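**Student:** Same order as they appear, the protein sequences are chains Z and W.
Using the working numbering, the letters of the first sequence correspond one by one to residues 1 to 113.
Using the working numbering, the letters of the second sequence correspond one by one to residues 1 to 115.
Some hints could be false.
[Unchecked claim] Derived, one-sided and incomplete: chain Z residues facing chain W with beta-carbon distance under 8 Å:
no. : residue
1   : Thr29
2   : Tyr32
3   : Gln42
4   : Phe46
5   : Leu101
6   : Gly104
7   : Thr105
[Said to hold, decoys possible] Simulated restraints, written as ranges between beta carbons of each label pair:
no. : chain 1 : residue 1 : chain 2 : residue 2 : range
8   : Z       : Asn19     : W       : Met15     : 40 to 50 Å
9   : Z       : Ser9      : W       : Glu53     : 15 to 25 Å
10  : Z       : Lys54     : W       : Asn70     : 17 to 27 Å
11  : Z       : Ser81     : W       : Gly3      : 33 to 43 Å
12  : W       : Thr80     : Z       : Leu80     : 42 to 52 Å
13  : W       : Thr80     : Z       : Thr56     : 45 to 55 Å
14  : Z       : Pro76     : W       : Thr5      : 23 to 33 Å
15  : W       : Leu96     : Z       : Leu80     : 34 to 44 Å
16  : W       : Ser62     : Z       : Asn57     : 39 to 49 Å
17  : W       : His26     : Z       : Val59     : 39 to 49 Å
[Stated by the list, open to error] Just so you have them, the derived chain Z footprint on chain W, three or more residues with Cβ under 8 Å:
no. : segment
18  : 58-68
19  : 104-110
Calculated from the structure, these hints are not laboratory results.
No experiment lies behind these values; they were computed from the predicted model shown.
Every residue, glycine too, gets a C-beta built ideally from N, C-alpha and C.
Here is what each chain is made of, one letter per residue.
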Amino acid sequence: LAKTTQPISMDSYEGQEVNITCSHNNIATNDYITWYQQFPSQGPRFIIQGYKTKVTNEVASLFIPADRKSSTLSLPRVSLSDTAVYYCLVGASYGGATNKLIFGTGTLLAVQP
Amino acid sequence: ETGVTQTPRHLVMGMTNKKSLKCEQHLGHNAMYWYKQSAKKPLELMFVYSLEERVENNSVPSRFSPECPNSSHLFLHLHTLQPEDSALYLCASSHLTGGGNSPLHFGNGTRLTVT
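Kindly generate the complete structure, drawing on both the sequences and the hints.
**Tutor:** Now the structure itself:
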């Protein structure tokens, strides 16, 4: 099973860069790494996805080392509105096995003024 | 607007009631999912539909009955629920790809309270 491990919570201040690391030691060859953001009483929202090396979009960067056993979501210059739970999901959107759609406990990021 | 619409947003029902949750996606996806999110717990995958056929059922009690009449609509029929079934029920959709890199798109959920 491609189980993921993330810190339960993190604190930051506005304007800082935040890096959230996810461990996924049993990642399979065909697995992708996807990060989601969830606000209270809303569904998770896709942030970024990658397979290896580095991926960047308008809201975040994703760093994946060569062994792919971990990944780091980087949020540049966070604001109060970035306070949310961030989930790392490893696998396929549907690969014929339920373990590929299993969310972990996520990381609660609290951004303070 | 997420492209996945869930109704109702809030639902309060008694243990003997029958109700249904509705999900509709306008993204052209061909896989749909039901997740349950209880307070302070991770999202739990309940059901997966691929091309309108149920392909996963993670030991969900029979008081939850899904229905997928077409690739754009998904229902969750509820009957004789228990108070511990109170939770946020989330619907998601995605493309089916062999490589499996299609992200899930979630609706904003139905907050269910069973009294």
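**Student:** How about Z:Tyr32: closest beta carbon in chain W under 8 Å, or not?
**Tutor:** Because about 4 Å separates Z:Tyr32 from the closest Cβ in chain W, which is inside the 8 Å limit, the hint holds.
**Student:** Per the coverage rule (Cβ-Cβ under 8 Å, at least three residues), is the segment 58-68 of chain W covered by chain Z?
**Tutor:** n = 1 at 8 Å, threshold three: violated.
**Student:** Does the Cβ distance between Z:Lys54 and W:Asn70 fall inside 17 to 27 Å?
**Tutor:** Violated - the Cβ-Cβ distance for Z:Lys54 and W:Asn70, about 39 Å, lies outside 17 to 27 Å.
**Student:** Under 8 Å, Cβ to Cβ, is where Z:Thr105 needs to be relative to chain W, so tell me if that hint holds or is violated.
**Tutor:** Since the shortest Cβ distance to chain W is 5 Å, the answer is holds.
**Student:** With a C-beta cutoff of 8 Å, work out whether three or more residues of the segment 104-110 of chain W approach chain Z closely enough for the coverage to hold.
**Tutor:** Coverage by chain Z holds for the segment 104-110 of chain W (6 residues, Cβ < 8 Å).
**Student:** Holds or violated: the 39 to 49 Å window for the beta-carbon distance between W:Ser62 and Z:Asn57?
**Tutor:** holds, 42 Å
**Student:** Would the hint on Z:Thr29 be counted as holding, given a Cβ-Cβ threshold of 8 Å to chain W?
**Tutor:** violated, 11 Å
**Student:** Taking the Cβ atom of Z:Ser9 and the Cβ atom of W:Glu53, is their distance within the range 15 to 25 Å?
**Tutor:** Since the Cβ atoms of Z:Ser9 and W:Glu53 sit about 40 Å apart, the hinted range of 15 to 25 Å is violated.
**Student:** Do the Cβ positions of W:Thr80 and Z:Leu80 conform to the proposed distance bound of 42 to 52 Å?
**Tutor:** holds, 43 Å
**Student:** Less than 8 Å between beta-carbons is the criterion; does Z:Phe46 satisfy it with respect to chain W?
**Tutor:** holds, 4 Å
**Student:** Holds or violated: is the Cβ of Z:Leu101 closer than 8 Å to a Cβ in chain W?
**Tutor:** holds, 5 Å
**Student:** Using the C-beta atoms of W:Leu96 and Z:Leu80, is the stated range 34 to 44 Å upheld?
**Tutor:** holds, 38 Å
The structure fails to meet hints 1, 9, 10, 11, 17, 18 from the earlier list, while all remaining hints are met.
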